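Take the sequences, apply the hints, and build the full model.
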Amino acid sequence: MSEPMIEVRNLSYTYRGRGEKSALSSVTFSVSRGEWLAVIGRNGAGKSTLAGLLVGLLKPQSGSIRINGQMLDETSEWALRRHMGIVFQNPDNQFIGTTVEDDVAFGLENENMPVAQMKVRVAEALKLVGLSGLRQADPSRLSGGQKQRVAIAGILALRPDILILDEAFVMLDPKSRRDLLSTLRRLAEATHLTILSITHDMDEAAASNRILVMQDGKIVNDGTPGQIFSTEKDLGAPFSERLRRILLAKGRRAPDQYMTEEEMVDWLWK
Amino acid sequence: MNKLILGRYFPGNSLIHHLDPRAKLVAAIAFILIAFLAGNVPGLVLLWLFTFLAMALSGVGFRIYLRGVRPLIWLILFTVLLQILFISGGRTYVEWGPFTVSSFGIETAVFIFSRFVTIIFFTTVVTLTTRPVDLTDGLTFLMRPLRLFHVPVDELSMMVSIALRFIPNLLDETQKIMDAQRARGAVFGEGSLFHQMKVLVPIFLPLFASSLNRGEELANVMDVRGYRAEARRSSFRQLHWRGRDTISMLALLALAAGLAALNLLA
Numbered sequence: 006m007s008e009p010m011i012e013v014r015n016l017s018y019t020y021r022g023r024g025e026k027s028a029l030s031s032v033t034f035s036v037s038r039g040e041w042l043a044v045i046g047r048n049g050a051g052k053s054t055l056a057g058l059l060v061g062l063l064k065p066q067s068g069s070i071r072i073n074g075q076m077l078d079e080t081s082e083w084a085l086r087r088h089m090g091i092v093f094q095n096p097d098n099q100f101i102g103t104t105v106e107d108d109v110a111f112g113l114e115n116e117n118m119p120v121a122q123m124k125v126r127v128a129e130a131l132k133l134v135g136l137s138g139l140r141q142a143d144p145s146r147l148s149g150g151q152k153q154r155v156a157i158a159g160i161l162a163l164r165p166d167i168l169i170l171d172e173a174f175v176m177l178d179p180k181s182r183r184d185l186l187s188t189l190r191r192l193a194e195a196t197h198l199t200i201l202s203i204t205h206d207m208d209e210a211a212a213s214n215r216i217l218v219m220q221d222g223k224i225v226n227d228g229t230p231g232q233i234f235s236t237e238k239d240l241g242a243p244f245s246e247r248l249r250r251i252l253l254a255k256g257r258r259a260p261d262q263y264m265t266e267e268e269m270v271d272w273l274w275k
Numbered sequence: 002m003n004k005l006i007l008g009r010y011f012p013g014n015s016l017i018h019h020l021d022p023r024a025k026l027v028a029a030i031a032f033i034l035i036a037f038l039a040g041n042v043p044g045l046v047l048l049w050l051f052t053f054l055a056m057a058l059s060g061v062g063f064r065i066y067l068r069g070v071r072p073l074i075w076l077i078l079f080t081v082l083l084q085i086l087f088i089s090g091g092r093t094y095v096e097w098g099p100f101t102v103s104s105f106g107i108e109t110a111v112f113i114f115s116r117f118v119t120i121i122f123f124t125t126v127v128t129l130t131t132r133p134v135d136l137t138d139g140l141t142f143l144m145r146p147l148r149l150f151h152v153p154v155d156e157l158s159m160m161v162s163i164a165l166r167f168i169p170n171l172l173d174e175t176q177k178i179m180d181a182q183r184a185r186g187a188v189f190g191e192g193s194l195f196h197q198m199k200v201l202v203p204i205f206l207p208l209f210a211s212s213l214n215r216g217e218e219l220a221n222v223m224d225v226r227g228y229r230a231e232a233r234r235s236s237f238r239q240l241h242w243r244g245r246d247t248i249s250m251l252a253l254l255a256l257a258a259g260l261a262a263l264n265l266l267a
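Those protein sequences? They're chains E and U, same order as listed. Quick note: this note's numbering has the first sequence finishing at residue 275, numbered continuously throughout. Quick note: this note's numbering has the second sequence finishing at residue 267, numbered continuously throughout.
Quick list of in silico lysine to any residue cross-link-like pairs, SDA-like style, CA-CA up to 20 Å:
(1) U:Lys177 - E:Leu147
(2) E:Lys64 - U:Asn221
(3) E:Lys223 - E:Phe34
(4) E:Lys124 - U:Arg233
In short, the hints are calculated from the structure, not lab data. Computed from a predicted structure; not experimentally measured.
This is the structure:
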């Protein structure tokens, strides 16, 4: 693909007052436009620190971040934030507006966009996440999954290049997770959105094009879901891979490499 | 807590619900002043009729309005009693030490009572039929001139609307913490006053801690979504002044004129 959308070089970060141990040490990777990258790893591996650095909430001690070719620093962060967004874990704490459409418009208001244009963008974004019917609803009437959708719509309304999900599915029930995941798949196909999802959920990771595995602030593995799940044995695995491993363990015939859920189904009924 | 009507919003579709919040705010403030124009019995009747008309148009049940008066009833009765007992003049009915019950006293008491109650009813009409966020928008608009004196009107309005937005969350959270403490054997609302205050500490500490965390996270979200206090922002919610708003203002003006005329005639 073309030039990288996100380019991270030698990025290091240490939280003050937490000893010498750095949360992130000399991390280098790049993400191309339209790619869906999942970052996985245990608690404390530095995943969320990475997210904080990418959106400019934290300032790196050393190293650099380029977004769409432009260096992220204090002067450029406001301009760069217009084209990216992040969804955090807790659905309640990121709902600023008093109604759904109000919240989606928040980012646009900050850009001082005229009302007529805002209305179009808000309607468009809510349609993309499938919430057009709940425009006027107030947050207390929404489920966690719906609130996360609103948060995503708020970012989509900005017509962004990058969507970052920082464990955005953690507080949701399994059904909302699956629904949201299929919405994201649809979005990834329909737009040229670059998605970076930080997650514990292996099914979410399996939906990506590429996975980074982090451990103790370093990247320890980088590859397609297929490569990662067949090499990293002590990581959890998505459903299809768990099934494959069980079949193997029981001495049954099983595919000799990682398969997505669809491929697995096809293989099974052959 | 459910009994408090003040500041509650009752969703509805009435004429008053659809009025511009600015019109309603101006009306509420104007009504407080106008209520003092009612200086004789016909004026008082007019004032009551106008109030009942507004209440009827709001489509909210009369009972709810009575609940709105309830928290203030002792204050009202106390004031009324003071008027009855201490104002003398006109015909005197009872005289007992420093207390006198006279026709003047009773008359003043009726006036005071009427003004009090109509003002409460009328302002309740406004708060019951307007979403808090619309009230905030209206108030922000009316406070715009204060910008000249460097009052951060928009920032204040953002703060108020966020605070309003999080009230249900905080109530939920308080309930959760109370339940958690109850499950651990805490008993609320019993024992001496001092004891009751002491058992609230394990509620407020976690509540404060989580509110601070929430605040920090919210600030991060606002930051990333491009909110800058000093920057110019547009507003998605727009207020529209319509014909009916002008009519409602005229109705209020007519009330004031009517009361003034009745004062002159008498």
